[in-house]
Amino acid sequence: MGGIAIDNLSSAITLSKSKKEQGSAAAIASGTTDSKPKKKICCACPDTKKLRDECIVEHGEAACSKWIMAHRKCLRAEGFNV
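Numbering-wise (the numbering used here), the sequence shown opens with residue 3 and increments by one.
Treat the hints with care, as some may be off.
Said to hold, decoys possible - Below, a list of computed lysine-lysine pairs in the DSBU-like style, where the Cα atoms sit at most 30 Å apart:
1. K52 / K75
2. K52 / K38
3. K40 / K75
4. K42 / K52
5. K42 / K68
6. K75 / K41
7. K52 / K40
Said to hold, decoys possible - For each label pair, taking beta carbons as the anchor points, the in silico distance ranges come out as:
8. A65 / K38: 31 to 39 Å
9. A79 / E56: 17 to 25 Å
10. G81 / H61: 17 to 25 Å
11. I58 / R78: 18 to 26 Å
12. A79 / I58: 17 to 25 Å
13. H61 / K38: 30 to 38 Å
14. K40 / A64: 27 to 35 Å
15. K68 / I43: 16 to 24 Å
16. E80 / I58: 27 to 35 Å
17. D55 / N83: 30 to 38 Å
18. K52 / R78: 29 to 37 Å
19. K41 / I70: 18 to 26 Å
20. C45 / M71: 19 to 27 Å
Derived by calculation from the structure, the hints in this document are not laboratory data. Even glycine gets a Cβ: it sits at the ideal position worked out from N, Cα and C.
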């Protein structure tokens, strides 16, 4: 009896490892893994950053929510968590 339980345990461990490896391979293949952004945040989205900054200087932060949100959206698309 003891030998059967150990054999089953070994099989279960092997199966759980192979399922985890398959899940990791599938995540990598589909591109859903969390990866670091390729750029520094200061260098990402220069177009929206410029528009946002110019608007804030000229009109104040309260009047520029459209540009602020556009810049945040761009940063998120680049992989930043903002």
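**Asked** Among all the numbered hints in the text so far, which are the ones the structure does not match?
**Response** 10, 16, 17 and 18
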